[in-house]
Amino acid sequence: MKRAQILWPLAALAGLLVLNIIVTPSFLSLRIQDGHLFGSTIDILRNGAPTMLIAVGMTLVIATRGIDLSVGAVAAIAGAIACTWIADGGNAVTAMIMALGVCVLLGLWNGFLVSVLGIQPIIATLVLMTAGRGVAMLLTEGQIITINDSLYSKIGAGFVVLPVAILISLAVLGGVALLTRRTALGMLIESVGVNPEASRLAGVRSRTIIWTVYVFAALCAGVAGLMISSNVNAADANSAGLWIEMDAILAVVIGGTSLAGGRYSLAGTLVGALVIQTLTTTVYTIGVPTNVTLVFKAVVVIAVCLLQSPRTAGFVRERRRRKQPSVSVPRPQKVGVR
Amino acid sequence: MFKKITKAAGALALLATLAACGGSDSGSDGGSGGGNGDSAITMGFSQVGAESGWRTANTKSIQEAAEAAGINLQFSDAQQKQENQIKAIRSFIQQKVDVIAFSPVVETGWDAVLLEAKRAGIPVILTDRAVDSEDTSLYETFLGSDFVEEGRKAGQWLVDNTEGPVNVVELQGTTGAAPAIDRKEGFEEIIAQRPDIEIVASQSGDFTRAGGKQVMEAFLNSTDDIDVVYAHNDDMGLGAIEAIKAAGLQPGTDIKIITVDAVKDGMTALANGEINFIVECNPLLGEQLMDLAKKVVAGEEVPERVVTEETTFTPEQAKAVLDERQY
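Those protein sequences? They're chains L and F, same order as listed.
Letter by letter, the first sequence follows residues 1 to 338 of the working numbering.
Letter by letter, the second sequence follows residues 1 to 327 of the working numbering.
Treat the hints with care, since some could be wrong.
Covered, in the sense of this in silico footprint (three residues per stretch, anywhere, with C-beta under 8 Å from a C-beta of chain F), are these stretches of chain L [claimed, not checked]:
#: 1; region: 40-47
#: 2; region: 79-87
#: 3; region: 125-133
#: 4; region: 207-216
#: 5; region: 284-293
Subject to a maximum C-alpha distance of 27 Å in a straight line, what follows is the list of computed DSSO-like cross-link-like pairs (lysine-lysine) [as the list claims (entries may be wrong)]:
#: 6; chain 1: F; residue 1: K319; chain 2: F; residue 2: K264
#: 7; chain 1: F; residue 1: K264; chain 2: L; residue 2: K154
#: 8; chain 1: F; residue 1: K118; chain 2: F; residue 2: K96
#: 9; chain 1: F; residue 1: K81; chain 2: F; residue 2: K118
#: 10; chain 1: F; residue 1: K245; chain 2: F; residue 2: K60
#: 11; chain 1: L; residue 1: K154; chain 2: F; residue 2: K118
Worth flagging that the hints you see were computed from the coordinates, not collected in a lab.
Beta carbons are placed, not taken as given, at the ideal position from N, Cα and C, and that holds for glycine.
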């Protein structure tokens with residue numbers, strides 16, 4: 001079941017790549033530029049890194065049957081704090097630590113609302129989604145803060161052969177996979193998602209686990225926010241991370257994690273995030289007219305979601321079952337008739 | 001259950017009080033200056049909000065110009081909400097100001113309140129953004145930029161300053177936004193004179209730096225021989241510069257860049273030679289607005305559409321004016 005669900009997003013990813021290669025034969029070609037790799041695929045990895053990172057945090061939140069809508073606003077706040085600090089002559093490392101510290105506080109706030117006060121996650125995080133962008137605007141005084149700091153620009157635009165941003169995202173993804181799959185943590189998260197009350201009665205600390213995943217999601221969003229602002233060397237409180245929560249949720253869902261909580265797939269999230277970024281890049285490279293861009297994206301997303309829905313999966317299995325026995329089944333029947 | 005209802009009612013009551021506070025706040029705000037001296041003109045101005053550097057500069061320009069012109073300005077910030085603007089305009093009518101000016105948050109839904117102003121005999125001037133109303137007698141004039149003309153200016157520079165075949169990539173603004181549509185139209189109209197100038201790729205970068213950078217990266221990988229980038233605003237142009245640098249090319253030399261707006265960051269890049277040409281979209285329309293207001297109050301005829309005075313900048317001109325640039 002799980003394997004079938006990740007199959008379709010992978011097929012979609014392959015399909016998009018093939019489409020690109022047909023239109024631009026040099027799409028997969030890579031060259032070395034200033035000591036690092038350069039090409040469309042590298043751009044996809046770099047630009048997809050923030051979404052991927054946020055989607056990893058989102059996967060765990062969704063696994064506990066929650067959702068975090070505030071990640072985009074948190075990303076904007078992180079960028080705003082770091083950039084205003086650097087613009088005022090501060091050190092880049094201090095700026096990043098401060099920004100991430102604030103993100104942890106914001107995550108604590110979200111987690112408090114959800115796990116202690118028991119507010120519906122979608123409402124609890126909506127508070128910060130709306131208010132957070134306002135806070136970011138306040139920090140930057142509504143202006144775009146441009147900075148020039150070589151260390152800071154490494155996170156989003158730097159390279160160590162591969163883009164630094166994607167290395168960070170993959171490291172976090174790998175770390176989370178190890179931590180949750182090699183220990184019981186993953187199972188505990190899933191059990192909280194399936195039934196928090198039953199888990200609590202079974203001795204699982206539901207509240208702590210739920211609280212932790214929101215803090216982790218906010219931290220991921222903070223790092224993603226640093227990547228976004230560092231990529232353009234500027235903090236744009238108005239548009240940084242705008243709608244990225246939707247992309248992240250979509251990546252998680254395309255990856256086969258159910259919004260109803262419980263089972264989650266980190267590999268699926270990885271593929272989902274890559275599909276979304278490849279889709280965006282495809283629009284630019286094959287030259288889809290801007291007025292049909294959204295329709296094009298919607299068609300691809302709907303196709304993937306339809307293909308991996310349980311009904312479709314059941315239908316495919318049904319047909320396969322009918323096809324295979326059609327040779328062997330009638331025979332025993334005939335035997336029976338005789 | 002009952003508890004829940006009382007709680008909800010309590011919350012609602014609290015909200016209502018808060019809203020009332022907001023209301024009385026803006027009321028007293030408008031009332032403070034009050035009065036309608038015979039000598040000085042009183043203008044009620046309702047601004048959209050403070051969403052960008054451009055807008056902040058716009059507000060500042062209007063406030064300073066009013067002071068310089070000796071006009072008594074009643075300023076109200078609508079915080080992006082039409083209802084706040086309507087409320088502000090009603091309070092201006094009650095105060096019997098001499099002239100009302102505003103930048104409409106949205107295009108529609110103004111007929112009723114503008115009719116009230118008309119009946120009260122108060123002339124209305126629109127700034128920066130237009131309203132969508134069939135009855136043009138509801139306002140005296142509309143002062144703002146001509147986005148098509150901005151596109152034409154960008155196209156004209158390209159036609160005058162290049163030779164031979166030119167491949168242009170275009171970074172469009174937000175799909176469907178008036179500046180994006182008009183700047184594209186004006187640009188295409190002019191470059192049609194030169195069949196050897198071709199727009200080889202055109203995508204939306206949503207008026208943001210990140211958008212401009214991402215689209216430009218994709219163009220650099222998918223399109224051969226890009227000579228010129230035409231970006232509908234400075235921010236997308238600045239994003240494109242980053243992408244071009246990352247590809248190991250020199251912005252301004254290997255690939256020429258034309259943008260619109262002339263905000264400070266854009267002007268700095270222009271002065272550094274990373275952008276080649278900027279068409280100004282001027283937020284400093286305060287002086288023009290005050291002139292118009294005086295004429296309207298004096299009962300003089302004013303044209304139905306007044307275009308903001310705007311110029312263009314080359315790197316040399318940018319260097320000269322960079323230090324005194326306000327926004």
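The hints, checked one at a time:
1. 40-47: holds (count 3)
2. 79-87: Contact hint for the region 79-87 of chain L vs chain F: violated, 0 residues under 8 Å.
3. 125-133: It is violated, with 0 qualifying residues against the three required.
4. 207-216: violated (count 0)
5. 284-293: Contact hint for the region 284-293 of chain L vs chain F: holds, 7 residues under 8 Å.
6. K319(F) x K264(F): holds, 11 Å
7. K264(F) x K154(L): holds, 25 Å
8. K118(F) x K96(F): Since the Cα atoms of K118(F) and K96(F) sit roughly 12 Å apart, the hinted pair holds (cutoff 27 Å).
9. K81(F) x K118(F): holds, 22 Å
10. K245(F) x K60(F): violated, 35 Å
11. K154(L) x K118(F): violated, 58 Å
Against the hints set out earlier in the document, violations occur for numbers 2, 3, 4, 10 and 11.
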